[in-house]
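Participant: Each chain is listed here by its residues.
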Amino acid sequence: MTSPDDLHRRALLQGLAALAMSGWAPATLAQADAAALTPARFAALSTTLTGFAYKDPALASSMLKALTDVVGADALAKIATLAAVIAPDALGDELRIAGVDKQAQAVLVALYSGAVTTRTGTVVLTYEQALAWQAVPWTKPNADCGGLTNYWAKAPQT
Amino acid sequence: MSDVLTADVVIVGSGVAGAMTGHSLARAGVKVLILEAGPRVDRARAVVQFRNSPVKDANSPYPANPMVPQPDLSNIGAYYVQAGPVTFNGLQARVVGGTTWHWGGLTLRYRPNDFRLKSRFGVGVDWPLSYDDLEPWYAEAERQIGVCGPPDYDWGAPRSTPYPMPPIAPSYLDSVIGTACGKVGLTLGTFPHGRNSVGFDQRPPCCGNASCVPICPIGAKYDASVHVAKAEAAGARVEPLAIAHEIVIGADRKVTAIRFKRPDGSVHEARGRIFVIAAHAIETAKLLLMSTVPGRDHTVANSSDQVGRNLLTQLDEGMIGLTREKLYPYRGPVETSGIRELRDGDFRRMHGASGTSPSNEGWVRALGPFKLAQKFAATGLRGAALNAAISDHMSRELAIGPSVEVLPDPDNRVTLARDQLDPLGLPRPRIQFRWGRYEQDGAKVAMDYVLGLMNALGATDVQRLGPVTDSAVMGGTCRMGNDARTSVVDRNLRTHDHPNLYLIGSATFPTITASPPTLTIAAFAMRAGLQIRSDLQSS
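Chains as they are written, first to last, in the working numbering: chain C, 1 to 158; chain Z, 1 to 539.
It is possible that some hints are incorrect.
[Claimed, not checked] Pairs of lysine-lysine, DSBU-like flavour, derived with a Cα cap of 35 Å: (1) Lys-371/Z with Lys-154/C; (2) Lys-55/C with Lys-371/Z; (3) Lys-326/Z with Lys-183/Z; (4) Lys-371/Z with Lys-102/C; (5) Lys-118/Z with Lys-140/C.
Treat the hints as calculated values from the structure; they're not laboratory data. Given the structure is predicted, the values throughout are model-derived calculations rather than measurements.
Put together the whole structure using the sequences plus the hints.
Facilitator: Encoded structure:
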């Protein structure tokens, strides 16, 4: 009987093969490293996990650096590689098997919240551009103006 | 070298009480000095501080000067020494402009019965003046603050004048809740606000930043920095980072000076003819208790032993749930409507009145989608499915609950923790607090209605929160009354013990109600200003 894990690994191998043919993926997961996590790959990772990516290059770079510091370059690269090739519904299991599920959760929360939790506390890189706000386009970050006075009296256009 | 500052009137505290009193005096040509323990606030910097804060609670935009500690909800015991049994959560912002920086902006008047609890319902105490005595001052305070409100409902407080501005519109959330209220015998009314519905007093109209607590980025919500600036423009001197620690009493029982420290520990003095302590319920009591009277065995203004006693707040309970219909919270001012019922009536013989309002802030003000992303990501959701879950949850979040009046209790008190000093060597306030059946029964009645409302809305994931002490409302500790044996100040807010010492603010309130106290504080400040001018002319 084929287990879900087998299916995930098969999907992983198929994905890696496809990426290798495309010319930019690392040959093996073990070779993945931080240097390979270009802004484009980081944006791709962000899009896979959240559906969105930071548009401001400086902010994206800050987030990448902060996450590299917090979760480690190897783990981040591993997560990015898996996220690039595994279907979203199977990604959680593969991350767990690869031993980076907790780091992936930290990455996801940081992307959504715009804040990175370090050993010494939480550092807010951005509040207004945090990706979670894009999930709720019918509102906006607190302290930003929402529109004309009394706009809140009507249901938002969704 | 010590500074000696002089003025006709020395005011301690630059919140709404001190700022409005100072402005009313300065514009009449009185030389005014305002001592403020905390620093000035730059609004733009405070907004940045808010955005950069991971917790985003009420004091996040206003980081305390290390030498001037203030309570923080994330660590309420760091400043207050909690003696229990109930944890006291009253927040104060020790900054120029005071706690109005992070008030919600609701400007309900107290009702006539709020001033006569004892004679009308047989509980608590009566105030030494009536609603009618205060009504003209409410009207003046509304003009000064800039209040918008509904023309068709007075919230049980008869009005001699229209609101200065047309009302802020109820939220879409209110319209859904209002329909459900009708099914359970409740009605929803539109609140009056100290926030601009149109341009007023050179401040812009509200654009729904949804950050009233902790800061309005554009100044559409009134805060006392408005009257600090007006007082200064009229000639008042404001001294930030001047931490009053001693009231000096002369041989004739009159106050001669206020001694204050700078953050470097140096001691200075402010001399004047009349002195006003307007430092909110905790700090006002603390300053009086730290100050001795020569030749007497009691502290300043405390021959009655009432200073620090009868600390007041509200009992808060709450309920959160996910409604069947989308509400779209996280938009608009913090609260735009409230339930009209349970705020007054014969039931006050038996249990406390309560004010219940649906919140426009969802379950987790300012951090809602972040918390949900964390929650749903842990279940394995990613990408579009995760975003849909966040949006659906947030759009149906309802948070609602009553704030119940708490009767005065002499054992609810502020004393000095002489064994636990702040960085300047001043005792931290020790707070002892409890409540009883009157308050708990008031909450139970209100929460039964709230549960019925949740059911009418088809809510799921319903959770009950509390009871806790309210973080925004506090008073008492220096109650006003006609009898010098049982009160600290008279109906004009002059201390019984010292003819040139006034206490202004909710510290003087004999009772607290279901309504926010700020407008009433402002009305008393206006009234006291006139009395002080009269004193100056006659002395």
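Participant: Now look at each hint and say whether the structure bears it out.
Facilitator: Hint-by-hint comparison with the structure:
1. Lys-371/Z with Lys-154/C: holds (26 Å)
2. Lys-55/C with Lys-371/Z: holds (22 Å)
3. Lys-326/Z with Lys-183/Z: Distance of about 18 Å is within 35 Å: holds.
4. Lys-371/Z with Lys-102/C: holds (17 Å)
5. Lys-118/Z with Lys-140/C: violated (48 Å)
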